[in-house]
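Q: For the protein sequence lines, the chains are A and B, in the order given.
Here the first sequence is numbered in my numbering, starting from -2 and rising by one per residue.
Here the second sequence is numbered in my numbering, starting from 36 and rising by one per residue.
One should not assume that every hint holds.
[To be verified] Below, a list of computed lysine to any residue pairs in the SDA-like style, where the Cα atoms sit at most 20 Å apart: (1) B:Lys66 with A:Phe121; (2) B:Lys75 with A:Ala154; (3) B:Lys75 with A:Leu175; (4) B:Lys66 with A:Gln39; (5) B:Lys193 with B:Arg96; (6) B:Lys104 with B:Arg137; (7) B:Lys66 with A:Pro86; (8) B:Lys74 with A:Gly122; (9) B:Lys104 with A:Asp73; (10) B:Lys66 with A:Pro82; (11) B:Lys75 with A:Leu115; (12) B:Lys193 with B:Lys82; (13) B:Lys82 with B:His49; (14) B:Lys74 with A:Leu93; (15) B:Lys215 with B:Ala108; (16) B:Lys66 with B:His49; (17) B:Lys74 with A:Pro90; (18) B:Lys75 with A:Leu75; (19) B:Lys75 with A:Pro90; (20) B:Lys152 with B:Val113; (21) B:Lys104 with A:Leu93; (22) B:Lys104 with B:Lys152; (23) B:Lys193 with B:Lys215; (24) B:Lys66 with A:Val91; (25) B:Lys66 with A:Ala144; (26) B:Lys74 with A:Leu175; (27) B:Lys66 with A:Lys150; (28) B:Lys152 with B:Lys193; (29) A:Lys150 with A:Leu175; (30) B:Lys74 with A:Arg123; (31) B:Lys74 with A:Lys150; (32) B:Lys75 with B:Arg96; (33) B:Lys66 with B:Pro188; (34) B:Lys75 with A:Glu2.
To be clear, the hints were calculated from the coordinates, so they are not data collected in a lab.
What you are looking at is a predicted structure, and each value in this text was computed from that prediction instead of being measured.
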Amino acid sequence: MPPEERQLVLDAGAVERTLQRMAQDIVRQTPDPRLLVLIGVQRRGVELAARLAASVAAAAHVDVPRGSLDITLYRDDLEVVGPRPLIGPTSLPVALDGRHAWIVDDVLFSGRTVRAALDQLADFGRPARIGLAVLVDRGGRELPIQADVIGEKVTTAPGDRVDVLVRELDGRDAVEVLRAAPAGKGKPKP
Amino acid sequence: MSRALGKDLLGLEHLSADDLRLILDTAEPFKEISERAIKKVPVLRGKTIVNLFFEPSTRTRISFEFAEKRLSADTVNVGSTGSSVVKGETLVDTARNLEAMRIDMVVMRHGSSGAAKFLAERIESNVINAGDGKHEHPTQGLLDLLTIRDHRPIAGTKVCIVGDVLHSRVARSNIWGLLKLGAEVAVCGPQTLLPLGIGELGVTVFRRVEEAIEWADVLNVLRLQLERMQAGYVPSTREYYRVFGVTLERLERSTRELIIMHPGPMNRGVEIDSRVADGPHAVILDQVTNGVAVRMAVLYLLAGGKPELAESAKGAPER
């Protein structure tokens, strides 16, 4: 096991404050909150979307429908991922046509997940607008994709790993960066 | 945990319980795709799949074709009539010629037991057995497992396979799959239609259908395969119905809440009463719906994914 440096970027309180601010940004960027739908990308995006939806609903006094998206079947790298990843549920509770949809994910990196999510949403309908909200933008884009709402920007090297922990799945809220050891190989998230 | 099935799906006999659970768990999200307005995902885009059916089939062939198309694969159907098979071409030659046209997968139904394995050993494409003689019909076994699991946990469930077990590849795939996942399995039918030594598999044998109904949580009623029988297995279909038919009267005498399955096509009034087939306990059409999802899962799990490329791609997890 090569030595790795684990660095705390956001603790539980900071995650909570960041999500609050993101919710306000989402409201500010949505002309008609009644048309909102928040769509979390499996897995941790789903939990984050749920929390953002609750905050947005409280701030804008509207019901905010939520959906979840598993983009596995829309990935462009299935040829190279080897053993197949298990697919999580996709569920979109409302028709997307005319809605202001927000894609919510934990980390924005290459942009390929967002590309896949956009393709998948197009198969479900034609939202009036699609926005992108991410808790962490770690740079390293491979596609011309940017987020509209960003919780925290983190500078990373390609081999680093950004871990977003949510209490629903991980028992606590945190954002941590695992810096790859200079000589050794990083152990990326599967 | 390994999440790879290998190159082919030839039967359930040699799969592990983990393999079976992987396929069933993968089938769950695929159910939802068939409920969408646009029933298509791009995951097998650019893959070419040949459905090679040397025996008649409606349900299985169409189910595979839907599964393939909903995953965006390109499909070609080849039947034995109207192809070079009638000119005497061997199975391997047919398949090698198809491979020369750069295909990725073959889904094959064949009248000879072992035909799928024979083919899989000789071509590079993935081979999925869609029924080989009296041997196995793995995707039917899987969709039956999925349908049972929709209603109750498979482990501990009592499943009785009723009828023509001898000629049934469905029965064989069911028995392997159910036993591996911890179900209790029984068979019931006339002695002439039960394979010799079936008890050695760990399967209970009932001679009377009334006993089977009293014991079971699930009845999987098999079709009397008249086309595979020479005369002499049963005196007549009417007598078979009288003794072994799953009738409403027999079910009403049971105190248990039964689930009734049938792999189709049904002979109404031979092995199953119409009032049972259309009744509240029947999940026969759910089986058909699940068939598409389970086949999508198998196609997805077998297709593509080159492990040697995976190592190099690991440096950059997708975000």
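Q: Now tell me if each hint is right for this structure.
A: The hints, checked one at a time:
A distance of roughly 16 Å separates the Cα atoms of B:Lys66 and A:Phe121; the hinted pair therefore holds under the 20 Å criterion. Under the criterion of a C-alpha separation no larger than 20 Å, the hint pairing B:Lys75 with A:Ala154 is inconsistent with the structure, at around 37 Å. The hinted pair formed by B:Lys75 and A:Leu175 fails the criterion: a straight-line CA distance of about 38 Å is larger than 20 Å. For the hint linking B:Lys66 to A:Gln39, the alpha-carbon distance of about 17 Å falls within 20 Å, and the restraint holds.
Taken as a hint, the B:Lys193 and B:Arg96 pair is broken in the structure, with Cα atoms around 30 Å apart against an allowance of 20 Å. At roughly 18 Å between alpha-carbon atoms, B:Lys104 and B:Arg137 fall within 20 Å of each other, so this suggested pair holds. For the suggested pair B:Lys66 and A:Pro86, the alpha carbons sit about 10 Å apart, so the restraint of at most 20 Å is met. Restraint check for B:Lys74 and A:Gly122: the C-alpha separation of about 13 Å stays at or below 20 Å, so the hint holds.
Between the alpha carbons of B:Lys104 and A:Asp73 the distance comes to roughly 18 Å, so the proposed pair stays at or under 20 Å and holds. Distance restraint check for B:Lys66 and A:Pro82: the Cα-Cα separation of roughly 17 Å lies within the 20 Å cut-off, and the hinted pair is therefore satisfied. Simply put, B:Lys75 and A:Leu115 have alpha-carbon atoms about 15 Å apart, close enough for the 20 Å limit, and the pair holds. With a C-alpha separation of about 40 Å, the suggested pairing of B:Lys193 with B:Lys82 is violated against the 20 Å cut-off.
For the suggested pair B:Lys82 and B:His49, the alpha carbons sit about 26 Å apart, so the restraint of at most 20 Å is broken. This hinted pair checks out: B:Lys74 and A:Leu93 have alpha carbons roughly 16 Å apart, not beyond 20 Å. For the hint pairing B:Lys215 with B:Ala108, the CA-to-CA distance comes to about 31 Å; that exceeds 20 Å, so the pair is violated. Using a Cα cut-off of 20 Å, the hinted pair B:Lys66 and B:His49 is violated, with the two alpha carbons roughly 26 Å apart.
Taking the CA atoms of B:Lys74 and A:Pro90, the gap is about 17 Å. The hint holds against a cut of 20 Å. Restraint check for B:Lys75 and A:Leu75: satisfied, since their Cα atoms lie roughly 17 Å apart, inside the 20 Å limit. Note on B:Lys75 and A:Pro90: the hinted pairing holds, with a Cα-Cα distance of about 19 Å set against a maximum of 20 Å. A C-alpha spacing of about 19 Å is found between B:Lys152 and B:Val113, which places the hinted pair at or below 20 Å, so the restraint holds.
As the CA atoms of B:Lys104 and A:Leu93 are separated by approximately 24 Å, the hinted pair breaks the 20 Å bound. Note on B:Lys104 and B:Lys152: the hinted pairing is violated, with a Cα-Cα distance of about 25 Å set against a maximum of 20 Å. In summary, the hint linking B:Lys193 to B:Lys215 is supported, as the alpha carbons are separated by about 13 Å, within the 20 Å threshold. A threshold of 20 Å between alpha carbons decides the hint, and for B:Lys66 with A:Val91 the separation of about 19 Å falls inside it, so the pair holds.
Of the pairs offered as hints, the one joining B:Lys66 and A:Ala144 is violated, with about 32 Å between alpha carbons and a cut-off of 20 Å exceeded. With a C-alpha separation of about 40 Å, the suggested pair B:Lys74 and A:Leu175 falls outside the 20 Å cut-off, and the hint is violated. With a C-alpha separation of about 38 Å, the suggested pairing of B:Lys66 with A:Lys150 is violated against the 20 Å cut-off. Distance restraint check for B:Lys152 and B:Lys193: the Cα-Cα separation of roughly 31 Å exceeds the 20 Å cut-off, and the hinted pair is therefore not satisfied.
With a C-alpha separation of about 15 Å, the suggested pairing of A:Lys150 with A:Leu175 holds against the 20 Å cut-off. Note on B:Lys74 and A:Arg123: the hinted pairing holds, with a Cα-Cα distance of about 16 Å set against a maximum of 20 Å. Restraint check for B:Lys74 and A:Lys150: not satisfied, since their Cα atoms lie roughly 38 Å apart, outside the 20 Å limit. Distance restraint check for B:Lys75 and B:Arg96: the Cα-Cα separation of roughly 18 Å lies within the 20 Å cut-off, and the hinted pair is therefore satisfied.
Pair hint B:Lys66 plus B:Pro188 holds up; C-alpha atoms about 18 Å apart against a cutoff of 20 Å. Of the pairs offered as hints, the one joining B:Lys75 and A:Glu2 is violated, with about 43 Å between alpha carbons and a cut-off of 20 Å exceeded.
Checked against the numbered hints listed earlier, the structure breaks hints 2, 3, 5, 12, 13, 15, 16, 21, 22, 25, 26, 27, 28, 31 and 34; every other hint is satisfied.
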